[in-house]
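Asks: Sequence:
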Amino acid sequence: MQADPEIHGLRFTNEELSEDCLFLDVIVPKSKVGTTWVPNDSSSILYTNDELIPGNLGLLDQQLALKWVNENIEAFGGDPTKVSIGGVSAGSASVAFHTLSPGSKGLFQNAIMQSGSPFDEWITYRQGEEARTEVRTLAKLLECSQKDINEDAKLLQCLMEAPAEAFIENIVKVGQELGPPYILQPGPSVDGVFLPNDALSIIEEGGLNGENYIVGTNGEEGTLFAFHAL
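The sequence shown begins at 166 in my numbering and counts up by one.
Some hints could be false.
Listed below are the simulated DSSO-like cross-link pairs for lysine-lysine, each with C-alpha atoms no more than 30 Å apart in a straight line [as the list claims (entries may be wrong)]: (1) K270 - K232; (2) K305 - K319; (3) K338 - K319.
Note that these hints are calculated values from the structure, not bench results.
Construct all of the structure, not just a fragment, from the sequences and the given hints.
Replies: Shown next as structure tokens:
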């Protein structure tokens, strides 16, 4: 789902809210390289950490896009052996998680991470029951019946039938219902599929993907939030 352009009163984009967001823009340069930019709002937020709503769905979407790039970029004049992925903030954290995921191995050679890592304090690794509580709380805010909330199949159906606008409007209220933080933070799950272990363990075991890395921060990036606080 494309993020609400005025979420929390901040205008991040002029785009309209839309669920039609699973697409790639292909820009053809003169040089034979390939760069995939990961947007800021593409991490997983809600999941039950089981078969009902598996974790890391946003990251798996990105991984599928990287597979498409590897299979098709040559037709656009690109080189599948020279693929770089990059992102800022949550997008940067997503890039970092691809350097840790076995399923992303070989899909890129270079990673650019700007102001986001798997060790940021806003990255949360939710466990099963905690994740389920968040989903049920959202379902309650979306006015799903208690019967639907208690039955997995009906719970999922109610969530899928909710309008995108209502989903975004109420997801920021889940934290208020459960206590601080007031907004659910994007975060992965150690699901044994996308992530076999936590980030530190994978790094210590030498499981990094890619050959070259650029890691840094962006100057004055916090001014957007400082303006909102004034």
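Asks: It remains to establish, for every hint, whether it holds in the given structure.
Replies: Against the structure, the hints:
With a CA separation close to 10 Å, the supplied pair K270 and K232 stays within the 30 Å bound. Annotation: proposed proximity of K305 to K319 holds, straight-line Cα distance about 13 Å (limit 30 Å). Taken as a hint, the K338 and K319 pair is honoured in the structure, with Cα atoms around 22 Å apart against an allowance of 30 Å.
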